[in-house]
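Novice: Here's the letter readout for the chains.
Protein chains: 2
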Amino acid sequence: MKSLKLFAILFFSLLTLNISAQQKKYVMVIHGGAGTILKKNMTPEKEAAYIAVLTQALKAGYAQIQSGKSSLDAVEATIHILENDPHFNAGKGAVFTHDGRNELDAAIMDGKTLMAGSVAGVTTVKNPISAARAVMEKSEHVMMVGSGADQFAKEAGLEIVDPKYFWTKERWDGLQRAIKEDSTKAVLDHGNKKSELLGIKNHDYKFGTVGCVALDKAGNLAAGTSTGGMTNKKYGRVGDAPIIGSGTYCNNETAGVSCTGWGEFYIRNVVAKTISDLMEYKGLSVNEASKIALDKVGKMGGDGGLIALDKKGNVAMPFNTEGMYRGTITADGKIEVSIYK
Amino acid sequence: MKSLKLFAILFFSLLTLNISAQQKKYVMVIHGGAGTILKKNMTPEKEAAYIAVLTQALKAGYAQIQSGKSSLDAVEATIHILENDPHFNAGKGAVFTHDGRNELDAAIMDGKTLMAGSVAGVTTVKNPISAARAVMEKSEHVMMVGSGADQFAKEAGLEIVDPKYFWTKERWDGLQRAIKEDSTKAVLDHGNKKSELLGIKNHDYKFGTVGCVALDKAGNLAAGTSTGGMTNKKYGRVGDAPIIGSGTYCNNETAGVSCTGWGEFYIRNVVAKTISDLMEYKGLSVNEASKIALDKVGKMGGDGGLIALDKKGNVAMPFNTEGMYRGTITADGKIEVSIYK
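Heads up: the protein sequence lines correspond to chains P and L, in order. Per UniProt numbering, the first sequence runs over residues 1 to 341. Per UniProt numbering, the second sequence runs over residues 1 to 341.
Hints listed in this document are in silico derivations from the structure and should not be mistaken for laboratory results. Careful: at least some of the hints might be erroneous.
In this list, chains with the same sequence are indistinguishable; a pair is considered to hold if it fits within one copy or across any two.
Below, a list of computed lysine to aspartate or glutamate pairs in the EDC-like style, where the Cα atoms sit at most 16 Å apart [to be verified]:
| no. | residue 1 | residue 2 |
| --- | --- | --- |
| 1 | 40 | 137 |
| 2 | 296 | 253 |
| 3 | 234 | 140 |
| 4 | 39 | 99 |
| 5 | 296 | 155 |
| 6 | 296 | 280 |
| 7 | 234 | 155 |
| 8 | 217 | 73 |
| 9 | 46 | 140 |
| 10 | 92 | 162 |
| 11 | 25 | 45 |
| 12 | 59 | 336 |
| 13 | 217 | 332 |
| 14 | 24 | 332 |
| 15 | 334 | 182 |
| 16 | 312 | 253 |
Just so we're clear, the structure is a prediction, and the values are computed from it rather than from any experiment.
Go ahead and model the full structure; you've got the sequences and the hints to work with.
Specialist: Spelled out as structure tokens, the structure:
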């Protein structure tokens, strides 16, 4: 009788544990960029708008997963919402280059096959994440850049827009401020080695990239990232978002990863692949691996954040900035959205 | 007396071991591309020409190291020789895109600082490896693409040439053959899924990339890669060479790596960083790590090779093709150059 009682306790404990594990099985994680995001600088309206679109994006991807579609479909549907919303530095709402253009980068990767696609510097594709997916699925290549990538997207049947579609007043004003501040900074830097460098002198305009990692019912992971890059960027600068291994990487055996932040540091540290390798070769959890990889960026002087999701539904969302727009949804549809630390 | 004799034997044994270790300390390794390189298809004159330029390239870099200059200087000097020689698919002698242009990619990385620079799709810079180095040293960026990268190289004071400089008859004829064979292949592929893919249909024209890893007297590693990419490439396709972590990576704590081959597979496997991570996280030798990373490429259906050099002067040069133009030089100046298996 005593042993039966013990068995019953054990049984119900395991049941509870199982339910709790079920509830904590994440199937999607998204980010809308990391940076100097402070509550004191935010209006209640703006905050509500961010939360609303992050929630909408999660729901769009979750609907794909629930209907049995692939994690790639979920990532694409989710990122479409974020690209089409002007609040984020991706698709409509992308920042401007020094020359007043919107040059967009994106990448996507399939954790099951390790197939990947990316585009950099496209100017006419409404949804760059779909261009990245087309490169992966409709070409034998992984990366295409510039007008060639635009041409490919057109031939692949994607929606092409006039470059003016990407114009927003907020980003245009941001470029004017950046140009002004950079020229002031160049004067202040006079005599400093920094002033001899060609390129961006102000790093406060580099955030707002969007990304998503999803886990579908078949157990396959996919990861995607889309960005307008850095405000006032020159010389065809490309950041980490479209670089497989740096800003975007996905492998069913380890995790899917999408990064956001000061891209140069993410490339130099090959951040996304580092996370996967720390899991594969050192047996670390997705959380431990993500923290170590972000610490490498931080120690070099870089800042930003990242999202990662492993095949068991464990999630990591570290960042070393004031805030990161982010959200998760679990297998049972529970949504959590956060902005600040 | 007996113990003195034993001591003497031990002493001389250690001395011999030390000398042998000294002789086997490599300070540079280079490649000029991997591919279907068969002795039966090679004339003695052509073979001699390849051996001569590979030897000259090794000597150029070695002279830098011997004079106390940095491994970055050695890599740049070595790759200049290979870029300026029309035998290799880099700089002069680069293959043509589908549109009859030469679009050049290059990357360089400093193992001491993990600083890196890369360019993709430049058309007017005589030595793309120097453009990559300028991005690393004279900008705050890591990667620049297209005409922006050309403009940057010009402003950085590099030698600019008319795009015609890169034209060679052999490569032009190669493009005409590739276009003809691709159109034939497209007909043969009719009904096959492959024929629906946009892009290169023939993979026999992807080789000839050049690369170098050097170890200087201060113990610092540097790695660089330069390429014209794939013959008949379309849509602004970019391969692994300019992708930090894939075709090029360097870290004093592990190794410097430069890859050559079917770039798409190298990107999907993030090959160069994988080698570094296998060394750092699994404690493997540069040789073991290089073989495992290349095996991943091979298992997916990709082919090519790579060179790697660790901080102790151990070298690895695996390839899964018929041949790879390659060479090494040891600390005491001994040169070895090979082409076939």
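Novice: Each hint: holds or not?
Specialist: Status of the hints after comparison with the structure:
1. 40 - 137: neither (44 Å within a copy, 38 Å between copies)
2. 296 - 253: Classified as between; 14 Å across copies, 23 Å inside a copy.
3. 234 - 140: between (30 Å within a copy, 11 Å between copies)
4. 39 - 99: neither (32 Å within a copy, 52 Å between copies)
5. 296 - 155: Neither way: residue 296 and residue 155 sit 41 Å apart in one copy and 32 Å across, limit 16 Å.
6. 296 - 280: Between copies, since 14 Å is at most 16 Å while 18 Å is not.
7. 234 - 155: Between. Shortest inter-copy distance 12 Å satisfies the 16 Å Cα cut-off; intra-copy 28 Å does not.
8. 217 - 73: Only inside one copy: residue 217 and residue 73 sit 12 Å apart there, 52 Å across copies, limit 16 Å.
9. 46 - 140: neither (42 Å within a copy, 32 Å between copies)
10. 92 - 162: within (12 Å within a copy, 37 Å between copies)
11. 25 - 45: Classified as neither: same-chain Cα gap 31 Å, cross-chain 65 Å, threshold 16 Å.
12. 59 - 336: Intra 11 Å, inter 61 Å, cutoff 16 Å: intra-copy only.
13. 217 - 332: For residue 217 and residue 332, only the intra-copy Cα distance (12 Å) is at most 16 Å; the inter-copy one is 60 Å.
14. 24 - 332: Cα proximity of residue 24 and residue 332: one copy only (9 Å, versus 60 Å across).
15. 334 - 182: Cα proximity of residue 334 and residue 182: none, with 44 Å in one copy and 51 Å across.
16. 312 - 253: within (10 Å within a copy, 32 Å between copies)
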